[in-house]
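Protein sequences appear in the order of chains Y and D.
All you need for our numbering is the position in the first sequence, starting with 1, plus 670.
All you need for our numbering is the position in the second sequence, starting with 1, plus 1.
Calculated from the structure, these hints are not laboratory results.
Be aware that one or more of the hints could be misleading.
Stated by the list, open to error - What the simulated footprint calls covered on chain Y by chain D, stretch by stretch (three residues with Cβ under 8 Å from a Cβ of chain D suffice, anywhere in the stretch; the number is not a length): (1) 695–705; (2) 711–724.
Stated by the list, open to error - Taking lysine-lysine and the DSBU-like style, the derived pairs with C-alpha atoms no more than 30 Å apart in a straight line are: (3) Y:760 / D:35; (4) D:18 / Y:842; (5) Y:812 / Y:842; (6) D:492 / D:368; (7) D:504 / D:427; (8) D:18 / Y:813.
To be verified - One side of the interface only, derived from the structure: several residues of chain D facing chain Y at Cβ under 8 Å: (9) 28; (10) 256; (11) 311; (12) 342; (13) 346; (14) 349.
Each residue gets a CB set at the ideal place from its N, CA and C atoms; glycine is no exception.
Chain by chain, the residues:
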Amino acid sequence: MSDPRLFRLRATFIEQGRLALLSHLEVAHTLERTVRRAGLPYAVSQGFSPHMKIAFGAALPVGVGSTCEIFDLQLTEYVALDAALQALQKASAADLMVQDCRYIEPRAAAASVAFPFSTYRVECADPVEEVQVPASVTVVRKKKPKELLVADYLAEPFAVDGCGATFTLEAKPTGSLRPDVLCGCCEFGSPVVSITRIAQHA
Amino acid sequence: MAAFESLWEELAPLVAKAERPSRYINGEWGCVYKPEADFRLCMVYPDTYELGQANQALRILVNRVNACEGMAAERGFLPAADMCDALREAGLPLCSIESCAPLRAFDAVGITLPHELAATNILEALDLAGIPLHSADRGEDDPFVIGGGPCAFNPEPYAPFFDAFNVGEGEEMLPEGLGLIRALRRQGAARPEVLRALAALPGWYVPSLYEVLDEDAAQQAGSWLSPLAEGVPPVVVKQVYGGFADSPAWEPCIVPYAEVVHDRLNVEVLRGCARGCRFCQAGMMYRPVRERSADNIVESVMEGLAATGYDEVSLTSLSSTDHSQIAEILARLNERLAGTGVRISLPSQRLDAFGVDMAGLVAGQKKGGLTFAPEAGTQRLRDAINKNVTEEDLFGAIDAAFAAGWRRCKLYFMIGLPTETDEDVKGIASLVSRAYDRARKAVPPDQKGSVQISASVALFVPKAQTPFQWDGQISPAEAARRVSLLRRSVKYKAVTVNWHEPKTSLIEAVMSRCGREGAKLVEEAWRRGARFDAWTEHFDEQAWADAAQAVGIDLEAAAQRSLPSSYVMPWSHISCGASSEWLAAERARAAEGRLTDDCTFGPCSSCGICFDLPVRNQLAAPRGKGGAR
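Using the sequences plus the hints, can you model the full thing?
This is the structure:
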């Protein structure tokens with residue numbers, strides 16, 4: 671899929687404030703428009719229905735914010751990194767601001783699979799003493815209830831710190847446990863105010 | 002006055018739980034925020050964000066008011082049903098998008114009236130906003146509620162709910178009126194004084210300043226309304242934006258996060274249509290025809306795409322392929338946009354080979370379906386409605402389309418048009434069957450199986466300010482019989498006939514033609530739970546039927562009543578520029594099956610627009626080349 675003549679730009683961006691309420695598809699559309707507004711020389715697929723060659727990282731649930739979202743964009747010409755970043759930032763909304771960009775190898779793994787581990791920060795209204803985590807969580811998939819064992823997904827346990835906690839989930843090829851669903855089933859002893867993805871790693 | 006402050010903190014928990022939060026979150030690319038303003042308008046579209054955000058009137062008027070120093074315009078939409086209920090339960094009012102401030106804290110609230118099925122939504126919005134529903138009940142601290150848009154051409158069924166209406170194009174009229182309200186309020190003028198001053202402005206209609214006559218008196222007097230004060234005009238004439246053709250076609254727009262209808266760059270290439278279809282209200286409302294130049298359009302498209310980042314641009318108007326420079330515009334845009342993946346779309350196809358050529362210029366390799374609107378099945382009826390399209394035009398279009406690679410074609414028809422007979426209904430079947438034959442002949446032998454022709458059939462709704470305004474709608478039972486006749490007459494199984502049960506068409510017909518008594522019906526229907534009437538899943542037929550009974554209106558009789566052309570209609574005090582005499586003459590020509598020329602191609606038809614208004618047809622180049630009708 672990678673054309674070696676193209677330049678592959680990986681950008682990270684934040685998703686915060688009211689824009690944490692956007693769906694993955696809405697964010698994707700917005701980023702495509704951001705790239706066009708930025709005037710970058712984006713590559714266009716050939717064929718029946720030409721479209722921008724852009725790929726997005728793992729989806730973020732509606733309502734969950736992030737400091738570390740990713741998209742990969744293929745360019746037809748090399749653009750200096752600071753010029754690309756400046757153009758993207760000028761075309762971005764403050765709450766969906768591009769933070770950084772760099773070129774990656776044409777054969778590097780796609781953003782959606784390169785970082786199976788996500789670390790989240792959950793903020794509560796009051797100081798948290800401990801988090802009670804259930805052994806399993808029931809989710810509905812294809813209209814059928816399915817029981818997920820939390821231990822299968824929780825790569826690093828909840829670390830309590832001030833008014834909240836930090837935890838890491840692993841996305842599996844067979845599916846993922848949503849951080850908001852997990853937090854909804856945990857006991858923090860205080861209402862959850864926000865959930866934010868703070869790191870994605872391999 | 003309610004405090005102008007953001008209620009976002011209170012609203013946020015509801016938004017987080019709402020069906021689609023992105024409808025309510027603000028901060029879209031391109032939105033304008035003017036907290037320093039001392040006079041504020043909230044422009045409301047009376048339906049959900051995804052239907053209203055792309056609305057052209059909202060976009061233009063918000064821009065126009067924001068361009069005035071010291072004045073701010075924000076947007077408002079009716080929340081979806083789940084959010085309406087959540088707001089009520091939480092005791093929170095309807096708020097604007099930009100400041101998230103309560104609507105009742107604005108100086109003025111503008112509501113566009115896009116179609117006949119939005120009436121109950123207007124009451125839903127006012128009620129949610131905590132603004133008294135009736136103009137008469139509003140106090141000094143309440144906003145001025147101003148209506149406009151297509152339904153302002155028969156504003157009577159909305160009259161009690163509005164302080165004033167804008168008749169015609171609001172580009173200049175709205176800022177002028179708002180400026181007057183602002184100036185008078187600063188001087189401490191009371192509400193009635195402001196309304197009297199507004200009534201003296203061209204195009205402003207203040208319904209409370211008229212006495213409503215009964216039917217007999219109205220027919221005697223030649224108008225249903227009689228001014229109650231000096232300086233209140235007996236007839237309000239629509240306003241036309243004279244600077245349209247020379248103004249930039251790039252009208253700055255907001256790029257929504259949510260997926261909305263018409264989610265693309267919309268560039269208005271021309272305004273008005275003089276084809277003169279006798280059922281068409283838009284054709285009468287937006288005259289005269291004004292074209293923007295090819296240079297203006299091409300530069301505006303490039304500027305708009307750069308500013309918004311859209312991947313599609315639509316060249317909008319009532320009939321874009323009638324633009325005298327359309328071939329040049331499309332060729333230049335194709336060249337400029339090559340390799341960018343940006344698509345161009347034309348919202349309507351002219352029904353001839355030229356129309357197909359133009360569609361071919363923008364389709365690229367992807368040829369989905371083409372849509373044409375012959376409207377009627379026989380030449381006799383097409384002549385009666387002044388559709389001015391022949392079978393040769395249609396078949397020429399079909400030949401060209403299927404030879405060029407299209408495999409699907411949808412044809413729009415109306416049933417119940419004035420003078421329609423069973424022969425005309427069978428004529429629809431015959432026409433689509435023969436279109437199918439032509440299409441199969443135009444494609445290679447191995448692709449004949451992929452040819453799809455469908456007919457979409459809608460029920461005729463008589464519209465105010467048209468030659469057919471005096472004609473009644475056929476009954477639901479008769480409509481069902483005619484559609485059944487049509488279905489039986491189609492000889493191919495491959496040709497599908499789409500017909501939607503026209504429960505709402507009855508309400509549309511009533512709302513389109515009723516007088517001020519219709520307001521009681523609307524209010525009663527809303528009190529009985531009617532809202533989102535244009536949404537199939539929300540339309541509550543029973544609420545309307547019960548309301549009609551409660552207020553003593555016979556819906557079917559009101560919809561089906563045919564009247565002599567001498568009958569004075571309830572909107573005779575509103576002038577769209579085309580004279581009542583001309584409309585009556587057009588109706589007479591319909592009965593005789595006589596065509597009337599389109600004055601942008603042929604001679605003047607004396608509709609009267611150019612006599613009363615300071616604007617004429619403005620064409621970028623002479624029309625007719627490359628596709629004269």
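We went through each hint and held it up to the structure:
Proximity of the segment 695–705 of chain Y to chain D, defined as three or more residues with a beta carbon under 8 Å from a beta carbon of that chain, is established by the 8 residues found. Evaluation of the coverage hint for the segment 711–724 of chain Y: fulfilled, as 8 residues show C-beta separations to chain D shorter than 8 Å, against a requirement of three. The hinted pair formed by residue 760 of chain Y and residue 35 of chain D meets the criterion: a straight-line CA distance of about 21 Å does not exceed 30 Å. Distance restraint check for residue 18 of chain D and residue 842 of chain Y: the Cα-Cα separation of roughly 28 Å lies within the 30 Å cut-off, and the hinted pair is therefore satisfied.
Of the supplied pair hints, the one linking residue 812 of chain Y and residue 842 of chain Y holds, its CA atoms being roughly 18 Å apart against a limit of 30 Å. Restraint check for residue 492 of chain D and residue 368 of chain D: satisfied, since their Cα atoms lie roughly 27 Å apart, inside the 30 Å limit. A hinted pair counts as satisfied when its Cα atoms are at most 30 Å apart, and residue 504 of chain D with residue 427 of chain D qualifies at roughly 23 Å. For the hint pairing residue 18 of chain D with residue 813 of chain Y, the CA-to-CA distance comes to about 20 Å; that is within 30 Å, so the pair holds.
With 8 Å as the threshold, the beta carbon of residue 28 of chain D comes within range of chain Y, its nearest partner Cβ sitting at about 6 Å, so the hint holds. Taking 8 Å as the C-beta contact cut-off toward chain Y, the hint placing residue 256 of chain D at the interface holds, the least distance being around 6 Å. For the restraint placing residue 311 of chain D at the interface with chain Y, the shortest Cβ-Cβ distance is roughly 7 Å, inside the 8 Å limit, so the hint holds. Interface restraint check: residue 342 of chain D against chain Y, minimum CB-CB distance 4 Å, threshold 8 Å, status holds.
Against a cut-off of 8 Å between C-beta atoms, the interface hint on residue 346 of chain D is violated, since the closest Cβ of chain Y lies about 14 Å away. With its C-beta approaching chain Y no nearer than about 22 Å, residue 349 of chain D sits outside the 8 Å limit, and its interface hint is violated.
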